[in-house]
Amino acid sequence: MAKATARHILVPSEDDCNTLKKMIEGGEDFADIAKTHSKCPSGKQGGNLGEFGPGQMVKEFDEVVFSGEVGKVLGPVKTQFGYHLIEITSRS
1 MAKATARHIL VPSEDDCNTL KKMIEGGEDF ADIAKTHSKC PSGKQGGNLG EFGPGQMVKE
61 FDEVVFSGEV GKVLGPVKTQ FGYHLIEITS RS
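Just so you know, we're using this note's numbering here: the sequence shown kicks off at 1 and counts up by one.
Rather than coming from a laboratory, the hints here were simulated on the basis of the structure.
Among these hints, one or two may not hold up.
Computed cross-link-like contacts, DSBU-like style, restricted to lysine-lysine with a CA-CA straight-line distance of at most 35 Å [unchecked claim]:
hint: 1; residue 1: Lys35; residue 2: Lys21
hint: 2; residue 1: Lys35; residue 2: Lys3
hint: 3; residue 1: Lys3; residue 2: Lys39
hint: 4; residue 1: Lys39; residue 2: Lys72
hint: 5; residue 1: Lys3; residue 2: Lys59
hint: 6; residue 1: Lys21; residue 2: Lys59
hint: 7; residue 1: Lys59; residue 2: Lys44
Label pairs and their computed distance ranges (CB to CB) [said to hold, decoys possible]:
hint: 8; residue 1: Met1; residue 2: Met23; range: 30 to 38 Å
hint: 9; residue 1: Met23; residue 2: Thr89; range: 13 to 21 Å
hint: 10; residue 1: Gly27; residue 2: Gly55; range: 31 to 39 Å
hint: 11; residue 1: Met1; residue 2: Asp29; range: 29 to 37 Å
hint: 12; residue 1: Ser92; residue 2: Thr19; range: 29 to 37 Å
hint: 13; residue 1: Glu51; residue 2: Lys72; range: 15 to 23 Å
hint: 14; residue 1: Ser92; residue 2: Gly46; range: 16 to 24 Å
hint: 15; residue 1: Gly27; residue 2: Gly53; range: 28 to 36 Å
hint: 16; residue 1: Gly26; residue 2: Met1; range: 33 to 41 Å
hint: 17; residue 1: Ala2; residue 2: Gly46; range: 22 to 30 Å
hint: 18; residue 1: Glu28; residue 2: Met1; range: 30 to 38 Å
hint: 19; residue 1: Val70; residue 2: Asp29; range: 26 to 34 Å
C-beta: ideal position from N, C-alpha, C; glycine also.
Hey, can you work out the whole structure from these sequences and the hints?
Have a look at this one:
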């Protein structure tokens, strides 16, 4: 069965998501941005979600994690919780 590890940043709007993505692409640290801006409790751990398998996250999140490029910041991804930036840290 496939497994992945990822970290994410959850914010309420697509505009917030795009602003944070530009900051990360400009060299700011993903974990620092997550600690400061993420509305998810995982933000305290730099957005780290640990290891999980398909079906453990909401559908939109799952689709990105199990098909997107590892190591790249992906998003905005809209879910019922808000807008996410996702970084897949590993997948096997």
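Consistency of the hints with the structure:
A C-alpha spacing of about 14 Å is found between Lys35 and Lys21, which places the hinted pair at or below 35 Å, so the restraint holds. With a C-alpha separation of about 25 Å, the suggested pair Lys35 and Lys3 falls inside the 35 Å cut-off, and the hint holds. The straight-line distance between the Cα atoms of Lys3 and Lys39 is roughly 25 Å, inside the 35 Å bound, and the hint therefore holds. Only pairs whose Cα atoms come within 35 Å are accepted, and Lys39 paired with Lys72 is accepted, the gap being roughly 21 Å.
Between Lys3 and Lys59 the alpha-carbon distance is near 15 Å, which keeps this suggested pair within the 35 Å criterion. At most 35 Å may separate the alpha-carbon atoms for a hinted pair to count; Lys21 and Lys59 meet this at roughly 22 Å. Of the supplied pair hints, the one linking Lys59 and Lys44 holds, its CA atoms being roughly 24 Å apart against a limit of 35 Å. Distance hint check: the CB atoms of Met1 and Met23 are about 35 Å apart, consistent with the given range 30 to 38 Å.
Taking the beta carbon of each, Met23 and Thr89 are about 19 Å apart, inside 13 to 21 Å as hinted. For the pair Gly27 and Gly55, the supplied restraint of 31 to 39 Å holds, since their beta-carbon distance comes to about 35 Å. Between Met1 and Asp29 the Cβ separation comes to about 32 Å, which falls inside the hinted range of 29 to 37 Å. Taking the beta carbon of each, Ser92 and Thr19 are about 32 Å apart, inside 29 to 37 Å as hinted.
Between Glu51 and Lys72 the CB atoms are about 19 Å apart, so this pair conforms to the stated range of 15 to 23 Å. For the hinted restraint 16 to 24 Å between Ser92 and Gly46, the CB-CB distance of approximately 21 Å keeps it satisfied. With their beta carbons about 33 Å apart, Gly27 and Gly53 fall inside the hinted range of 28 to 36 Å. For Gly26 and Met1, the Cβ-Cβ distance of about 37 Å falls inside the hinted range of 33 to 41 Å, so the restraint holds.
With their beta carbons about 23 Å apart, Ala2 and Gly46 fall inside the hinted range of 22 to 30 Å. Between Glu28 and Met1 the CB atoms are about 34 Å apart, so this pair conforms to the stated range of 30 to 38 Å. The hinted range of 26 to 34 Å is not satisfied by Val70 and Asp29, whose Cβ atoms lie roughly 18 Å apart.
The structure shown violates just one earlier hint, number 19.
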